[in-house]
Structure formats: C-alpha cells, structure tokens
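Residue numbers (my numbering), protein chains in the order written: chain Z, 1 to 313; chain G, 1 to 316; chain F, 1 to 335.
One or more hints might be untrue.
[As the list claims (entries may be wrong)] Within a straight-line C-alpha distance of at most 30 Å, the following computed DSS-like cross-link-like pairs (lysine-lysine) qualify:
#  : chain 1 : residue 1 : chain 2 : residue 2
1  : Z       : Lys66     : Z       : Lys180
2  : Z       : Lys58     : F       : Lys127
3  : Z       : Lys152    : Z       : Lys216
4  : F       : Lys127    : Z       : Lys70
5  : Z       : Lys58     : F       : Lys130
6  : F       : Lys127    : Z       : Lys43
7  : Z       : Lys102    : Z       : Lys66
8  : Z       : Lys152    : Z       : Lys102
9  : Z       : Lys58     : Z       : Lys152
10 : Z       : Lys66     : Z       : Lys43
11 : Z       : Lys70     : Z       : Lys58
12 : F       : Lys130    : Z       : Lys66
13 : G       : Lys200    : F       : Lys11
14 : Z       : Lys102    : Z       : Lys180
15 : Z       : Lys43     : F       : Lys130
16 : Z       : Lys180    : Z       : Lys152
17 : Z       : Lys66     : F       : Lys127
18 : G       : Lys200    : F       : Lys6
For the record, the hints were derived by calculation from the structure and aren't laboratory data.
Nothing here was measured: the structure is a model prediction, and the numbers come from that model.
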Amino acid sequence: MHAVDGVSFDLDEGEALGLAGESGCGKTTTALSLMRLLPYNGKIVSGSILFRGRDLVKVSDLRIRKIRWKEISIIFQGAMNSLNPVRNIGQQIAEPIILHEKVDEDEATNRVGELLELVGINRDRRRDFPHEFSGGMRQRVMIAMALACNPKIVIADEPVTALDVMIQAQILELLERLRKELHLSMILISHDLSVMAETCEKVAIMYGGKMMEVGKTVDVFTDPKHPYTQGLVAAFPDIRGQRTMPASIPGDVPSLINPPSGCVFHPRCKFAFDRCTAAEPALAEVTPGRRAACFLYPGVPEVTPRPMTVEAR
Amino acid sequence: MGATDAVVRSGVVSPFQASLRVALRRMQEVWARIRHSRTAMVGLAILVFFIGMAVFAPWVAPYGPIDRVADTSNCVPGVTCPLSPPSAQHPLGISEEGADIYSQVIWGSQISLIVGIFSAMVASVLGTAVGLVSGYMGGWVDEVMMRFNDVVLSVPWLVLMIVVAARIGTIDLLGLILVIGLTGWSITARVIRAQVLSVKERLFVERARMIGSSRSHILMRHIFPNAFPLIFANTILTVAVSILSEAVLAFLGLSIYNTVSWGKVINQAIGGGALVIGGNVWWLIVPGLCLVFLVFGFYLFGFALDEILNPRLRRR
Amino acid sequence: MARILKVMVRKGVNAAITIFGIICLNYALLRLMPGDPALSLTPRDPKYQGLAEYNRELFGFDKPPWEQFAIYLQRTVTLDWGVSYRLGLPVFDVLMRDLGWTLVLVGTSTVATIIIGMVIGSIAAQKRGKPFDILSTATGIFLYGMPIFWLGFLLLAVFEKGSIVGHYFTWWPALPSQGYYDDMLGPWSWDGAHLTSAAQHLILPALTLTLGTLAGISLVMRSSLIDVMTEDFVTTAKAKGLSDRQVLRRHILPSGLPPMVTLIALDIAFVIGGAYQVEVVFNYYGIGWETIQAIDNLDFPLLQFIIVVGGVAIVLANLVSDFILLLLDPRIKVT
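Chain Z on its own, in the form it takes in the complex:
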C-alpha cells in the first residue's frame, strides 16, 4: 500500500511551508519520511529528499542520525506522548545537545536553562517530569527541545491540535516569534487552514496521499485552482464574513489500500470527466508560481510512475 505518492515541494531558508489536508491523507507520513523515521512496517520506495545538496534518502544511517535534530528537528502533536514519562524534561532537552555537540553536562544544563526561558518556562523546572506540566506548557517544552541544537528546519506536526483555543494562539505566536528571531525554516502540518494563513508563506494541499496543489498561501486561498482546494476553502468558515453553514465536500476520504483509479479525487469531484477516471494528473505549473494536479488545466501531464521529491536549500 502506498500511503504517500507523488509528493513534491521545495523549501527555502527562513521560509514556512504549510502542509494541509484532511486527517489520514499522509501529512504525518510525509513529515516522518523527511527524517527517515517511518515505523517498522513502512519504507521509502523511491524518491529523493535533497537537503543542502545531499539526498537524505540515500545517505548512510550514521549520516542521517547526525542530521536528525541537529539540522532538522520535529515537534509532534501530542506533547504528552512525545515526551518520555519516566525522564525529567531537563534530561530530555539536554540529550540531543550532548549527543550532537559533544558538550559537557554543565554546559548542557546551562543551555537547557536558556532554552526553557526562551519558551517562557522557569529554568528551575528542568527537574520536573512531563506529567507535572499542563498541556500548553508541555508543548513549550517540546518546542524548547526542538530548538536545542539550533536546527535549520523545524517540522511542526499539528503543534496545537490537542490544545484549547487560547493556548493555541499563545503557542502559535511563540513559534512565529522564534522562527523570525532564529531565522528558521519550518514545515507546519495542520488541518486548520487559519493556522496556515497566519504563519506560512507557502502551502501544499494534500489529499489521499497525493499533493493536489502548491503555491503562495495568499494566492492559493484567494484563488484556489484545484477543485479539492476550492472545496476546502469554501468549507472553511470565514470568521469576519457572514455566518453561513460551511459547504462540505460530499463523499469520503479515499481508502489507501484500495485507491480509486485515475485521479484520487475524482469520485468526489463535481468537475470530473472521462479522463479523470482513466489517468492520473501530475503536479504541474498551471499559472506562474502555482502547481496543481488537475486535468481541468491545459498542459497538465499524466503521471508516469514518478518518485517523491522534496528539496530543501
């Protein structure tokens, strides 16, 4: 079974990319693939992940371990489960610092204190265990940990999903501030388009394990090209606009075990025509700076079995 297929995007330094889509469409799998962290029953079949001229799919295990956290770190969605319950948070934050930077214990402890203060936690709490923090505070700990080795890229996988609205805003603000201050590149994964609209320069829309549309956030949200993106944007209630029932897209998320033929979205697409059931559209430029995978636009080629490519500069 192919969980993710035909995913392609690039990320510049200091840039934030949003990865959006319904749950189960392969966002997290994409994120884990970037760091070669797929679970025991998953693997990258083909494709390339170019990071500073190196293909992360092909580098040795030792090399990828050196890149993990030092260059690319990740913030997972449930901070409760992402922190080890039997070790205190200081140990957990210090762990990658000691591992990657070969500093001594005192230096690491000092850095942990700085990191905690950076995310707004008193440095004396470093001896506390995860269960002694509230949900929002735990997510702050997770962020401090992600920044421990000054990475180039931070992947934030649904960083605020499990939190209540007030805390969500605080955490997003914190992330945004730190990104600007530290000049980080970020991949923000979320099903919440408003989060993307506020933080990301670029967005990539995923559906059924495929990428549907990629482009500048403003452009994609104001003038969506792909029918799925159109549905998604329409389904999103405008907080300043009139209070109407959001339009939903009829039908269900496709099964990954038994995907539909042709375009994965065609069973739910109101514009679908014969070619959509027969062939699969490739992601191609439809207007300058915008790519979409849809046959409604002339010049969109059919998919020849094509690998996943991700580029980071």
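Go by the hints and put chains G and F onto chain Z.
Below, chains G and F without anything else, positioned relative to chain Z:
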C-alpha cells in the same frame, strides 16, 4: 426508560438474553478478524483436529481405554514389561496393564478436553462474577474481594490443588473439574476487574447512570456485553492452563480411575520403564506431544484472540 | 518522598493482611472441610501414635474450634509447628532444611529465566516481524504450553547418566541427577568436591525449570517493549538522532521495565509451581518433593506449614517488587 427496557419488562426477553444478544453481535465482528489472523487460524486448526479425535474416539480407537489386549498377570514390572514394543498391530506398543497405548492416547483426548473446557468454564464463571462485582461495586466490597484474591493467588496453586483434591477426592470427573475450576479463577478475576474499571468510565455507562438505570441493569446491559469478548479470550487461555493442571495432577497420581488421560499415560509410562534402556520411549513421547500441541493450539488461538480484542495491542 | 512512604505503608499493611488470610485459609482447608479434623491429622501407621499424641496436645484438638484457632495462630507465630510423622522431626527444622535447597533451585532458575527471557524478548521486539521474532515467539508459546514434568523427563532421557542417548553415543555429555549431590561424598561440607557435585546435580533440574518458565518472561517482555516502541516519545528519541541501541537503553527499557517487575513477581508463583514438578522428576529433595511425600503419607502437620511458607514467600516477593517499582517509576499514582 428506553424501548428495549419495555421489551425486557414485558417479558419477551430477559435482560440476560438481551445482553447476550449484544455480546453475540460483537462476537460476529470478532470472527471476521479471526479469519484474517494466521496465528488464530493455525490454533483453530489444531483444536479442530483434537476435538475431532475426542468426538470420534469410539470409532477411531481400536480398543477401549482400559481394555486388556494382552495377559499381563505373569509380567514383572520393568523387566518383562512392557510386553510389546511398537508393532503393526499396536503402533505404540502395549502398556504394563496390557492396554493398547495407541487407543489410550486417542481416548486421552476426551479427558483432557472435557476437564480442560469444563473446569475453565467453572473458573471463568467464578472469576467473571468476582471481577464484575468487585470492579463495579468498588469500595470495601472491592477491597475485601481483592484481598481474598491475593490470598488465593499467593498460596502455591499446585499445593492448593492437591490439598483440595485430597479433601474432596478426584476419582470422578466432576470432582476433578471442580478441583481445577475452584483453584483457577483468581487471575481471570483480576483481568475482568481491570476491564470493568475501564469500561465503567466510558461515556455510555455514564449516560446510563445519568438516566437513572439501576446498577444491575448497567452491569448486565452495558458492562457485561463489553467485557464478554475479553472473558471469552481469557476462558480459552484458561482452558490451556486447566489441561496442564489436569496433566500435572495425573502425573502426581491424582486421576480418574476408570479411564485414561494423557497425564495418566505418561505417569504409567514412567512407572512402566519407558525411560529404561531398550524401553518404549514412544509411550512417554506421544502422549506428551499430544498435550503440548493441544495446549499450543489453545494458546495460539487465545493469544491471537486477545490481540484482536485488546485495543492496547491492536494499535499500529 | 512522604507520598512514596505512604504507598509503602499501605502496601505493607496489605501484605500483612494477605499473609493473615493465607494462615486462615490454610486453617479452613485442613480442618473445617468434611471429616474429623483430629483424624485428618493422624498418621496411618500406628507406630507414630506418640507423635500424633504430641501434635494433638500441641494444637489442642480436643478444644472447641475457636480456641483451636487461637492456639493454631499462636503456634504459627512462635514457629512451634509440631512434628512431621514421616520424618519424626520438628516441622520447622524440616522446612528450613528443604527451603534452602529449593531456594538454590528456584533462585538459579529465576535469575537465568529473567536474564535470558529479557534478552530474547527485547531482541524479538526489536526485530519484530523478522525470522528471529517469529521463531522465538513460536518456540516460546510452544515451551509455555509444555508440561514441566514431561520436559523434565525428556531432558532426563537425553542427558542423564546411562540415558538412552548416552547409551548409543559415548561422547554425549552425561549429567548426574537424583538428589542434591553425590551421596558417596558423605554429609555436606563446603569443599570443592561437594560444591562441584552439587552444581552438576543442579544443571538438569534448573535447566528444566528455566526452559519451562522462560517464555513467560520473554513473551511478556516482547509485547511490553513493542507497546513502548509504538509510543510517540520513541519516535522523538529516534528523531533526535539516537542510535537504535541508545533509544532502547535510554528510552524504551526505562519505561518498559517497571511493569515487568510486577509480572516477574507474579511469575514467581508459577516458577514455584514448576519447582514442585521438577523436584519430583529429578528427586531433588526440596519443599516440592517433600510436599508430595507429605501428601502420600498424609503428613498433615508438615503440609499445613508448607502452604504457609510458600504463600508468605510469594507475598514477600510481590511486596519487594512493589517497592522496587515505586523507586523506579515516577509515574506511580496513589490509588
């Protein structure tokens, strides 16, 4: 009061029948998963083989379990006995008492299965009752029951079983089933109690409590059906344990007098010199292998079922 | 710290209640069941009548039941446990002697079982779905379902001096069994010959018990670690760039091991159950062997305290495991 309660009250179905129906519906879902589990199917195949052996024993076995096929009145144990090593007519040889061992092994499947299944049922009913009540009532009832459970778990089970056996006697089938069943319920009680504690906190139970359902109603209609699949899987595993218990008792000489079980055949094999040089080792090996495979079958099926029913293991 | 102390006190009280419960259950089992209690404590052989008289006096069998119970409790606490009919020796002395040898057997096997079982379980968990995992899990379930006495006889048939295999292949290693050590050496003393002989005599029984109980640990270790491995914090640890071994040592084991402590303690009851069978098969004269003899000879004075000693051993093992757990796992809640 919901519509189902009205049906129950009008006497069409008892609450127990109704709860059993819910449980059976869940069992059907489970069956669909079992068919896709290779482990479960291998286990099931082994079980079908031995159940077939037990059911068709009267037709498959050439002789009765304690029929004398040879005169052993003049034999000296361990010297001129066993009378006959394996031969075409007696594939596993003849025992010291002059019985056909091959037939005994086939008949032995009956006792192992009957004792195993029925004492597991006794243990499961007892354990489930204790677990349900203890988990659901909580408070001092739970405290008292769990302390008693600790006591039963702490007394070495084999000694407990032998002492109970020595006191009520195991010469008949019912006695044997009771001994093994009455000493084997405490682990089941713990497992069920833990399950009840988790089901109790779920929303639908909360809701039922809010609309004013009685305790017994909630217990029978909501908690029992939800715990039922687990009880079933646990019973399967208890059968395996009970079969082993019967074998150990028989090996120690506590067995039913007028028939044979595999444990008893092994006991006789040791007494009859199966281990002596030139002795009939198959007398020891074959009934032992039957035991191992039958228990293996129950474990495979039970573990697979547990994995299917236990959401903690099902994740990913 | 005060919180932990509170939990410890509560666990200690529970253990004490359980031990008292065992003592009561034991009393109920042996005397309140149908039949004459005094008779059930009387030996078959008339030559032991003197001993029976002594025990009758000691436990006050002619007194009313409640008074008998009080006497019984008092004797239990003062270790004044009466005289064994079969041996004509004080029960306490007999049990202490046997307990030593049983502890040697159970201790050796338990340590071996825990170490080997944990190693196999964690390798299997790491290689989940690979041949090693499938093979070790299937073998594990197979061994788990094997009657320990039968396994003992198989090993006896293969390895014992003068065994069938040894008969045909003279180079085959032959190990002694039957008893604690070679009887020819005379009474026990702490010299090389005795120790070597005792170690050799220990191999087969300990091997049987280890093989028979190994799977209980390895299977649980495997599923417990796999459970932990699917936790998100393990992915975090890998994302940090730790090697598989570092992830296992620093993250998986520290949170996977505490639950194992409880399971190992529960397993000790199972090991003791297995020890009875092993001692009978190999004629290793420990508590288990003594128990079977006591039953055969209706040696009830001995039997009643075997239950108490065995039960107390298991309660203490559980209590120690609870304490270890408290120190290992910061998550423990006061319930």
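Hint check:
1. Z/Lys66 with Z/Lys180: Given that 30 Å is the threshold and the Cα spacing comes to 25 Å, the pair holds.
2. Z/Lys58 with F/Lys127: holds (23 Å)
3. Z/Lys152 with Z/Lys216: holds (21 Å)
4. F/Lys127 with Z/Lys70: holds (28 Å)
5. Z/Lys58 with F/Lys130: holds (23 Å)
6. F/Lys127 with Z/Lys43: holds (15 Å)
7. Z/Lys102 with Z/Lys66: Within the cut-off at roughly 12 Å; holds.
8. Z/Lys152 with Z/Lys102: Cα-Cα ~19 Å, so holds.
9. Z/Lys58 with Z/Lys152: Judged against 30 Å, a Cα distance of about 20 Å means the pair holds.
10. Z/Lys66 with Z/Lys43: Between lysine 66 of chain Z and lysine 43 of chain Z the Cα gap is close to 20 Å, so the pair holds against 30 Å.
11. Z/Lys70 with Z/Lys58: holds (18 Å)
12. F/Lys130 with Z/Lys66: holds (27 Å)
13. G/Lys200 with F/Lys11: Holds, at roughly 25 Å.
14. Z/Lys102 with Z/Lys180: holds (27 Å)
15. Z/Lys43 with F/Lys130: holds (15 Å)
16. Z/Lys180 with Z/Lys152: holds (12 Å)
17. Z/Lys66 with F/Lys127: Given pair lysine 66 of chain Z, lysine 127 of chain F holds - Cα atoms ~23 Å apart, limit 30 Å.
18. G/Lys200 with F/Lys6: holds (27 Å)
Every hint from the earlier list agrees with this structure, and none is contradicted.
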